[in-house]
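J.: Protein chains in written order, with numbering that gives the first Met the number 0: chain A, 0 to 320; chain B, 0 to 336; chain C, 0 to 486.
What the hints contain is simulated information worked out from the structure, not anything from laboratory work.
There may be inaccurate statements among the hints.
[Claimed, not checked] Residues from chain B shown here face chain A by an in silico Cβ test under 10 angstroms; the list is partial:
| hint | residue |
| --- | --- |
| 1 | E20 |
| 2 | I65 |
| 3 | I74 |
| 4 | V100 |
| 5 | K254 |
[Stated by the list, open to error] For lysine-lysine, the following BS3-like pairs were computed, each having C-alpha atoms within a straight-line distance of at most 30 angstroms:
| hint | chain 1 | residue 1 | chain 2 | residue 2 |
| --- | --- | --- | --- | --- |
| 6 | C | K373 | C | K314 |
| 7 | B | K119 | A | K163 |
| 8 | B | K301 | B | K254 |
| 9 | B | K53 | A | K106 |
| 10 | A | K266 | A | K256 |
| 11 | A | K163 | B | K121 |
| 12 | A | K163 | B | K301 |
| 13 | C | K390 | C | K265 |
| 14 | C | K334 | C | K475 |
| 15 | B | K254 | C | K183 |
| 16 | A | K106 | B | K119 |
| 17 | A | K220 | A | K276 |
| 18 | C | K334 | C | K265 |
| 19 | B | K233 | C | K232 |
| 20 | C | K282 | C | K265 |
| 21 | A | K256 | A | K276 |
| 22 | C | K314 | C | K390 |
| 23 | C | K390 | C | K304 |
| 24 | B | K58 | A | K163 |
| 25 | B | K233 | B | K254 |
| 26 | A | K226 | B | K58 |
| 27 | A | K202 | A | K257 |
| 28 | C | K10 | B | K254 |
| 29 | C | K232 | B | K301 |
| 30 | A | K276 | A | K257 |
| 31 | C | K282 | C | K10 |
| 32 | C | K232 | B | K254 |
Positions of the beta carbon are idealized from the N, C-alpha and C atoms, including for glycine.
Spelled out from the first residue to the last, the chains are:
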Amino acid sequence: MSYSADFLLSAYRTMQTIRMFEERCTLEFEAGNIPGFVHVSDGQEAVAVGVCSQLSDADIIGSTHRGHGHCIAKGCDVIGMMKEIMGKADGLCKGKGGSMHIADIDKGMLGANAIVGGGPPLVNGAALSAKTLGTGTVAVSFNGDGSSNQGTVMEALNLASVLKLPHIFIFENNGYGEGTSADYAVAGDIAGRAAAFNMPAEKIDGLDFFAVYEAMQRAIKHAQAGKGPYAIEASVVRFGGHFIGDPMRYRGKDEIKKARQNQDCLKIFRARVTKEKLLSKKAMDQVDIEVAELIESAVAQALASPQPTIDQLMVDVYCSY
Amino acid sequence: MTSSVKTLRDAINEALHQEMERDPTVIVMGEEVSGGAGCAGEDDAYGGVFGVTKGLMPKFGRGRVIDTPITESAIVGAAAGAANTGLRPVAELMFVDFVGVCYDQIFNQAAKFRYMFGGKSKTPMVIRGTCGAGLRAGAQHSAMMHPVLTHVPGLKVVMPSNAYDAKGLMLTAIRDDDPVMFLEHKLLYETSCEVPDEMYTIPFGQANFLREGDDVTIVALSAMVHRAVAVADKLAKEGIFCDVIDPRTTSPLDKEAILESVEVTGRLVVVDEANERHSFASDLAGIVAEEAFSSLRAPIRKVTAPHAPVPFAPSLEDAYMPSEARIEQAVRSILGA
Amino acid sequence: MSNINLVVVPKWGMEMKEGLLVEWCVAVGNTVAAGDDIADIESSKIANTATTAFGGVVRSLLADVGQTLPCGTPLCVVADASVSDAEIDAYIANLGGAAASTVVESPTQAAEPAVTTVAAAAPAMSAPIAVSASTADDSHINASPVARRLATRYGVNLNDVTATGNHGRVSKADVEAAARAAGKDTSSSVRTFATQADDSAVAATPVARRLARALEINLLDCRATGRNGRVSKADVELVAARKNRSVTVSAATSDGSDADEHVSVKPLSAMRKTIARRLQSSKQDAPHFRVHADIELDSVLALRKVINAQRSDAKISVNDFMIKAVASALMRVPKLNAQFDGSSVSSFDNADISVAVAIEDGVITPIIRAANTKGLVEISNEMRDLATRAKLGRLKAEEFQGGTFSISNLGMYDITAFDAIINPPQVAILAISSATQRPVVRNGELAVATVMTVSLSCDHRVIDGADGAVFVSTLKGLLEQPGTMLA
Numbered sequence: 000m001s002y003s004a005d006f007l008l009s010a011y012r013t014m015q016t017i018r019m020f021e022e023r024c025t026l027e028f029e030a031g032n033i034p035g036f037v038h039v040s041d042g043q044e045a046v047a048v049g050v051c052s053q054l055s056d057a058d059i060i061g062s063t064h065r066g067h068g069h070c071i072a073k074g075c076d077v078i079g080m081m082k083e084i085m086g087k088a089d090g091l092c093k094g095k096g097g098s099m100h101i102a103d104i105d106k107g108m109l110g111a112n113a114i115v116g117g118g119p120p121l122v123n124g125a126a127l128s129a130k131t132l133g134t135g136t137v138a139v140s141f142n143g144d145g146s147s148n149q150g151t152v153m154e155a156l157n158l159a160s161v162l163k164l165p166h167i168f169i170f171e172n173n174g175y176g177e178g179t180s181a182d183y184a185v186a187g188d189i190a191g192r193a194a195a196f197n198m199p200a201e202k203i204d205g206l207d208f209f210a211v212y213e214a215m216q217r218a219i220k221h222a223q224a225g226k227g228p229y230a231i232e233a234s235v236v237r238f239g240g241h242f243i244g245d246p247m248r249y250r251g252k253d254e255i256k257k258a259r260q261n262q263d264c265l266k267i268f269r270a271r272v273t274k275e276k277l278l279s280k281k282a283m284d285q286v287d288i289e290v291a292e293l294i295e296s297a298v299a300q301a302l303a304s305p306q307p308t309i310d311q312l313m314v315d316v317y318c319s320y
Numbered sequence: 000m001t002s003s004v005k006t007l008r009d010a011i012n013e014a015l016h017q018e019m020e021r022d023p024t025v026i027v028m029g030e031e032v033s034g035g036a037g038c039a040g041e042d043d044a045y046g047g048v049f050g051v052t053k054g055l056m057p058k059f060g061r062g063r064v065i066d067t068p069i070t071e072s073a074i075v076g077a078a079a080g081a082a083n084t085g086l087r088p089v090a091e092l093m094f095v096d097f098v099g100v101c102y103d104q105i106f107n108q109a110a111k112f113r114y115m116f117g118g119k120s121k122t123p124m125v126i127r128g129t130c131g132a133g134l135r136a137g138a139q140h141s142a143m144m145h146p147v148l149t150h151v152p153g154l155k156v157v158m159p160s161n162a163y164d165a166k167g168l169m170l171t172a173i174r175d176d177d178p179v180m181f182l183e184h185k186l187l188y189e190t191s192c193e194v195p196d197e198m199y200t201i202p203f204g205q206a207n208f209l210r211e212g213d214d215v216t217i218v219a220l221s222a223m224v225h226r227a228v229a230v231a232d233k234l235a236k237e238g239i240f241c242d243v244i245d246p247r248t249t250s251p252l253d254k255e256a257i258l259e260s261v262e263v264t265g266r267l268v269v270v271d272e273a274n275e276r277h278s279f280a281s282d283l284a285g286i287v288a289e290e291a292f293s294s295l296r297a298p299i300r301k302v303t304a305p306h307a308p309v310p311f312a313p314s315l316e317d318a319y320m321p322s323e324a325r326i327e328q329a330v331r332s333i334l335g336a
Numbered sequence: 000m001s002n003i004n005l006v007v008v009p010k011w012g013m014e015m016k017e018g019l020l021v022e023w024c025v026a027v028g029n030t031v032a033a034g035d036d037i038a039d040i041e042s043s044k045i046a047n048t049a050t051t052a053f054g055g056v057v058r059s060l061l062a063d064v065g066q067t068l069p070c071g072t073p074l075c076v077v078a079d080a081s082v083s084d085a086e087i088d089a090y091i092a093n094l095g096g097a098a099a100s101t102v103v104e105s106p107t108q109a110a111e112p113a114v115t116t117v118a119a120a121a122p123a124m125s126a127p128i129a130v131s132a133s134t135a136d137d138s139h140i141n142a143s144p145v146a147r148r149l150a151t152r153y154g155v156n157l158n159d160v161t162a163t164g165n166h167g168r169v170s171k172a173d174v175e176a177a178a179r180a181a182g183k184d185t186s187s188s189v190r191t192f193a194t195q196a197d198d199s200a201v202a203a204t205p206v207a208r209r210l211a212r213a214l215e216i217n218l219l220d221c222r223a224t225g226r227n228g229r230v231s232k233a234d235v236e237l238v239a240a241r242k243n244r245s246v247t248v249s250a251a252t253s254d255g256s257d258a259d260e261h262v263s264v265k266p267l268s269a270m271r272k273t274i275a276r277r278l279q280s281s282k283q284d285a286p287h288f289r290v291h292a293d294i295e296l297d298s299v300l301a302l303r304k305v306i307n308a309q310r311s312d313a314k315i316s317v318n319d320f321m322i323k324a325v326a327s328a329l330m331r332v333p334k335l336n337a338q339f340d341g342s343s344v345s346s347f348d349n350a351d352i353s354v355a356v357a358i359e360d361g362v363i364t365p366i367i368r369a370a371n372t373k374g375l376v377e378i379s380n381e382m383r384d385l386a387t388r389a390k391l392g393r394l395k396a397e398e399f400q401g402g403t404f405s406i407s408n409l410g411m412y413d414i415t416a417f418d419a420i421i422n423p424p425q426v427a428i429l430a431i432s433s434a435t436q437r438p439v440v441r442n443g444e445l446a447v448a449t450v451m452t453v454s455l456s457c458d459h460r461v462i463d464g465a466d467g468a469v470f471v472s473t474l475k476g477l478l479e480q481p482g483t484m485l486a
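So here's chain A without its partners, still in its complex pose (with noise of 0.2 angstroms):
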């Protein structure tokens, strides 16, 4: 398989957007500059990218509570991100949402979900939309290793088999649902239950961008073919805690550290493509630059902007009433 420079340095650009993102989150967090919870994904930037990279606006995708990479990996704007998440009056969402109900359906991100397993229905949904609309478009929900013992997830995977939905089913299996591990907490085998649902499920190294890639191609290629959901379940590390403050008592000594330096799939990435020449140094460099300049403007745009006024309270609860 054959990558053009741009492709891949654009793909670097939104990982590297992402980790900065989630970074700055979490010192914005403790700076006290962010209400309520927030959930960050520095460490599964990978995944997010791999994925989303081969989708156009018109597809769509469905997030979990870590959702802010996904949705910048979808193009979602990082600035508008950043003023939801502080709840501001021009965030995403009109400051109506926050960190946990970040959405943008004019890029097809149908929304981060609070509800852990609250997401693959809903993309079954715009699978359905897709299939019987004749888009040619597929529909893509992200899901944990915790989420994958819902009940909800398990309708789903076999309402989409059973419909034959153009949905493919992306599991991140991080280790953890929240503190407790998969090991413990999935019996069996994650991508093995989408297995049972009748379609192709692949199990695969969620840190290689590449593996992450190939993978997406293949589901995409089946469902846009007709022939039905498909399953990803890719094992990837989260850096951070269940949520920005999490103690982490469950984690082993050393855990994150050995991590930080064994386990980060933007140091991978930069060691294959730069031992494949496939990018420069510099260049990387330089987008590592523009991202922290661009993470920097959208802190302090975010920290400017006043929060809704109290006459927003009771807007958009209906279309009409």
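Following the hints, position chains B and C against chain A.
T.: Positioned in the frame of chain A, the structure of chains B and C alone reads:
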């Protein structure tokens, strides 16, 4: 303009047929909405267990009339997601009691999308559910559920009491851009009246006055409307005249029409088949006590089901439901004041 | 649409009806945030500052300093800077008729009825109100069912009515406004009923059924809160109370005889009802205790003779002496010169003595004010005047309402003693009986004296036994040695 006498079931069926023809984005989904999928026997074996969706699948195909597995969360979730992305699904809960199995998809997802996402998305879906007691179906197949649903911001709740209203309200529901719970009372499917053949809509939030009078206001929902009318007609023979008001939709509620009536009569009886606590009757009593207090001449009376699950034995189920006798006594108890 | 917001004269507290605009805190063009001060307002009770609930730019001030404005009157418009002046002007123009209805005190008070105001406020609304009523068909006009019914009743054509109800329909309030403008009376008349229908099938306790029959109450009119869904006695009594029917059944009906011609029944007059009510509550609320004493009146009688002989304008009675003596005693024992309202005791510097006077059909108590400062002749003359006018029904209210202590004298009847009931809010009353010649013991020897028995009733909530006893013995001392009243 032509019309004919149609049952409530047929009126809704006609609405679905006509709207699916007019708008290709309307789809129907649920358990046995057609029936017989994958079976050796007849296609369209049911057309809905109460026959409401009969004939749709043969006409529009399995692409638009979808028999689903028994998976309420998946069904309602798919309807919500499809509604967000270009379709107008009419999903069915075979019995509205099953809303417990998929409540998250309704109250946490569909009802909140527009608000949480800053007004960018809309969820134009209808969930039809069969409600109410009277068919000896037992505690888990006889609930009303409208109190729980009316409570949810972002959701609309529709309860037609007759065939004419049912067709007009269903067409409005499908065309409405917000998620709508459309509750059809089991006892009403066979009731009939004159229904126009053409398409027409009845707006939400507009109550219907079945009888008019200056002496007492009776507000009733769904199947209870007919019992209230019977009581009003009996009282009229004694020279006591009632406004009998069918709100048609509990969310949005035509509060204004009800308050106006109470301002004239000063007396209110609310008939609601839901269990007493947190019923629509309690809600309306609170609204009227707050907003028309100085017009009231007597306490507000609620005639509801008791705080008990729906019993199975016929004698008990009949006692559970608000009867004409109880409604009449409630009205008379506030006349002397 | 909601980028234009109105700040109105607020209603602080239930009684505030209007406020005086004292001073503006903002000027046109100022940017304000939610909660910022807009104007200082003064009502009859408080001075406070009206604030804005919305942020934006102050676009227009709608009132002048020094004006007194009803609550709800628009004060100023706050809107986004991006809203055009034309939109602001249109918004303000629309306020004319709507302003009066922003303060909702009760839902039965509809919007301002003045035809001209409503017409001026409706540039964007349907047909303006015509001077002569339309006769055109109005069945197509969108109106609420009650509005339509009332329009027919009041003879109002819906084409002539400006619609302000939900979804653009004509509301009841709109029709009533139009009707009033045409001079109709829109006050509601609500009928009440007694149910005529047969109630024998209504489940009721036997006692409830009997009681309902006796009181002519239909069981269908009663709630059924008794066991097993029956109408209970309490349910019947509730309906009876609402209909003001007495719950006591006359004895005549219970012995089964019809139409007893030896009984005549007369309901209480208003005065007797009042007397009955007051005395009952006095006896119920105040725990009465009594102190008795026999008082020798010979000294008083002798003194009376002297004064009456000496002064041509004097015709002092024993009762006048009682008034004077009681007033003097009260100065010495002030605790009994008080009023009690159930929680606090009011003490008075002067003794205002209420003196019971019998009149036709009852008793009235004219008051000798500050009797302690008046001489016997003055008291006597005043008492004579009051008693005469009392019997003629010509007392002014302030002449018999109030008083700090009462005297009731039944000495003109041949009785030994009696006890009186306190007149609330007073705390005591003295009952005076006949003065008769009685045997007394002086220095171990039998003698004869004119003796009168008095009975003091006290409210034990605030008067103790000792206080009562001290008062009575003080009074006795003053009467038996009248010269001591001079000291």
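J.: Could you check the structure against the hints above and give me the numbers of any it violates, in ascending order?
T.: 1, 5, 9, 12, 18, 31 and 32
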